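J.: Use these hints to put chain C onto chain S, whose structure you have.
Top line first, the protein sequences correspond to chains S and C.
Quick note on the working numbering: the first sequence kicks off at 1 and runs consecutively.
Quick note on the working numbering: the second sequence kicks off at 1 and runs consecutively.
Honestly, the hints are just simulated from the structure, not real lab data.
From a predicted model like this one, the values you see are computed outputs, not experimental measurements.
Check the hints yourself; a few may be wrong.
Some, not all, of what chain C presents toward chain S, calculated at C-beta under 8 Å [said to hold, decoys possible]:
| no. | residue |
| --- | --- |
| 1 | PRO8 |
| 2 | SER28 |
| 3 | ASN32 |
| 4 | SER46 |
| 5 | ILE49 |
| 6 | SER96 |
| 7 | TYR101 |
| 8 | GLY106 |
Far from chain S, by Cβ distances over 10 Å, these chain C residues were calculated [to be verified]:
| no. | residue |
| --- | --- |
| 9 | ASN2 |
| 10 | GLN22 |
| 11 | SER31 |
| 12 | VAL45 |
| 13 | GLY60 |
| 14 | THR70 |
| 15 | GLN72 |
| 16 | ALA86 |
| 17 | VAL91 |
| 18 | LYS100 |
| 19 | THR105 |
| 20 | VAL111 |
| 21 | LEU112 |
| 22 | ALA113 |
Glycine included, each C-beta is placed from N, C-alpha and C at the ideal position.
Listed here are the chains, written in short residue letters.
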Amino acid sequence: DARVTQTPRHKVTEMGQEVTMRCQPILGHNTVFWYRQTMMQGLELLAYFRNRAPLDDSGMPKDRFSAEMPDATLATLKIQPSEPRDSAVYFCASGLRITGELFFGEGSRLTVL
Amino acid sequence: KNQVEQSPQSLIILEGKNCTLQCNYTVSPFSNLRWYKQDTGRGPVSLTIMTFSENTKSNGRYTATLDADTKQSSLHITASQLSDSASYICVVSSTSGTYKYIFGTGTRLKVLA
Numbered sequence: 001d002a003r004v005t006q007t008p009r010h011k012v013t014e015m016g017q018e019v020t021m022r023c024q025p026i027l028g029h030n031t032v033f034w035y036r037q038t039m040m041q042g043l044e045l046l047a048y049f050r051n052r053a054p055l056d057d058s059g060m061p062k063d064r065f066s067a068e069m070p071d072a073t074l075a076t077l078k079i080q081p082s083e084p085r086d087s088a089v090y091f092c093a094s095g096l097r098i099t100g101e102l103f104f105g106e107g108s109r110l111t112v113l
Numbered sequence: 001k002n003q004v005e006q007s008p009q010s011l012i013i014l015e016g017k018n019c020t021l022q023c024n025y026t027v028s029p030f031s032n033l034r035w036y037k038q039d040t041g042r043g044p045v046s047l048t049i050m051t052f053s054e055n056t057k058s059n060g061r062y063t064a065t066l067d068a069d070t071k072q073s074s075l076h077i078t079a080s081q082l083s084d085s086a087s088y089i090c091v092v093s094s095t096s097g098t099y100k101y102i103f104g105t106g107t108r109l110k111v112l113a
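The shape of chain S in the complex, shown without the other chains:
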């Protein structure tokens, strides 16, 4: 049963701490997206990788957020330092081709106190 796996599912941390979220895309998928979801904004694109190369991270606050794909089986999203306004659910999604179906992970719920 192929699926996108995200860790951790829940994270509570204090302001100023570093947070790292991990994603294992579906094997063979070559597009990977990071989204942030809040009640007010819906799903916002943070970063987009194709064949592990970052194609768009314009939605990400560059001073504190960073996204990488060290290999085809792992994507990471790091926040340093974290702030209360970063509290949200972060989703990773992968797909086979541009405009194809996106397969989402279950999300990482982040709470920054």
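T.: Frame of chain S, contents of chain C only:
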């Protein structure tokens, strides 16, 4: 500007009733349109995809329509069940731009017994 707007924002219906959710978009050039269902605390899951040449597609009790001329889509749910309670997100794909998916903010549906 590429946009996807959904209505209503939220909807409450009684079990067994039908309902229709709306999606209007201004995305160009258009590639396809998908409806995703997102259960509380879970990631979105694709329900159906509509391409330019299709105007109706069914997936069980879910029927999606597309009018490419007016740039409108609807999702009709027949004989609603408690398990239909979820957010329904309309996503339009474009063949241009760095990233290809434009998300609506969703309709939150609550089905009551």
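J.: Now tell me, hint by hint, if it's right for this structure.
T.: Each hint tested on the structure:
no.: 1; hint: PRO8; verdict: violated (15 Å)
no.: 2; hint: SER28; verdict: violated (14 Å)
no.: 3; hint: ASN32; verdict: holds (6 Å)
no.: 4; hint: SER46; verdict: holds (5 Å)
no.: 5; hint: ILE49; verdict: holds (7 Å)
no.: 6; hint: SER96; verdict: violated (10 Å)
no.: 7; hint: TYR101; verdict: holds (7 Å)
no.: 8; hint: GLY106; verdict: holds (6 Å)
no.: 9; hint: ASN2; verdict: holds (12 Å)
no.: 10; hint: GLN22; verdict: holds (16 Å)
no.: 11; hint: SER31; verdict: violated (4 Å)
no.: 12; hint: VAL45; verdict: violated (7 Å)
no.: 13; hint: GLY60; verdict: holds (17 Å)
no.: 14; hint: THR70; verdict: holds (21 Å)
no.: 15; hint: GLN72; verdict: holds (19 Å)
no.: 16; hint: ALA86; verdict: holds (13 Å)
no.: 17; hint: VAL91; verdict: violated (8 Å)
no.: 18; hint: LYS100; verdict: violated (5 Å)
no.: 19; hint: THR105; verdict: violated (4 Å)
no.: 20; hint: VAL111; verdict: holds (20 Å)
no.: 21; hint: LEU112; verdict: holds (21 Å)
no.: 22; hint: ALA113; verdict: holds (25 Å)
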